[in-house]
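Enquirer: Sequence:
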Amino acid sequence: MSVTFDDTEAPRLTRAVQWIIALNVAIYFLQLTVVGSQHMLPALGFQSHDLSRSWWTVGTYMFVHAGFMHLAFNMYTLWLFGPRVEHLWGTSEFTKFYIVGGLGGWLFHLVFAGDALLVGASAAVLGVMLAYAMAWPDDEILLFGIIPLKVKWLVLMLVAMNILGGIMQQRSGVAYLAHLGGLAAAWIYIRTASSSINMDRFRQRVSSIPDLPDETPRAIPRSLPPMRSRQRDIDAELTASSDYSRRSVAEASPPEQSPARRAKELDAVLDKISEHGIDSLTNDERLVLEEMSRKLRRD
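The working numbering puts the first residue of the sequence shown at -17, with every later residue one more than the last.
Keep in mind that the hints were calculated from the coordinates and are not lab data. Since no wrong hints were added, every one of them can be taken at face value.
Quick list of in silico lysine-lysine cross-link-like pairs, DSSO-like style, CA-CA up to 27 Å: (1) Lys254 to Lys78; (2) Lys254 to Lys277; (3) Lys246 to Lys277; (4) Lys78 to Lys134.
With beta-carbon atoms standing in for the labels, derived distance ranges: (5) Gly18 to Ser262: 55 to 63 Å; (6) Ala245 to Tyr58: 39 to 47 Å; (7) Ala245 to Val16: 49 to 57 Å; (8) Lys277 to Val16: 49 to 57 Å; (9) Arg268 to Arg35: 52 to 60 Å; (10) Ala25 to Phe50: 13 to 21 Å; (11) Ile149 to Asp266: 53 to 61 Å; (12) Ala25 to Ser74: 27 to 35 Å.
Because the structure is a prediction, the values reported are computed rather than measured. Ideal Cβ positions, reconstructed from N, Cα and C, are used throughout, including at glycine.
Please model the complete structure; the sequences and the hints are all you need to start from.
Expert: Below, the structure is given as structure tokens:
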């Protein structure tokens, strides 16, 4: 299974994805060597009757796996879909989202699956797949390396399979209901946190624009296209015609602020939008936001 991207934004192995994969692999290595599965699974896996004594298993269950294929499939899927989502949201937001997906899987398992042992990162990883499908629904994967399939249809197919598996579950050892819990928690998180995620992304785009130092006065002006030079000469003649014109032009064209001051004003406007909504902005604050939007479009 591989993904075909429809734009030029190439993902890489991002920080959170790298650490999650490393932690899962390290725990599985200890499970095979020093500790052993007979001790590792009960110690880190979740069972409801041990909740009061082993409360940490609410989170640790998603880092221990029942076997190599279980681990390999989850980590490959996370490697395939996770970096692009993390690149979009940022490491901190992605990490919170991953943990919320895992906790959603735990909650559904606790409520609906009784005392069965719960291990594996599948709930959290399926949440990441859902986030990818909601951001890039028409990206294609090659299922089994052969069959082209859009990501949105893959996720819908997995949802249907897990619902059917949860209804017909006959001690198969697959935590279908936990998978559905991870998908449900991911969907709720995305729907409720979408505005703050978008605002954080806007802040990242603004902060990535380099501040150019103020230019020193030039003895020889830059060469301009003929039409712009002619217009500049006309404006200069009109400006020099009277003191009133000079004052008007000065008022209409205030000196450009420094990059640091522009960034500070923009940050204040974004904070105000986050707290009170865009309708609370004054006319001057709207101008600041529009100016930055035009700059982003030009870049």
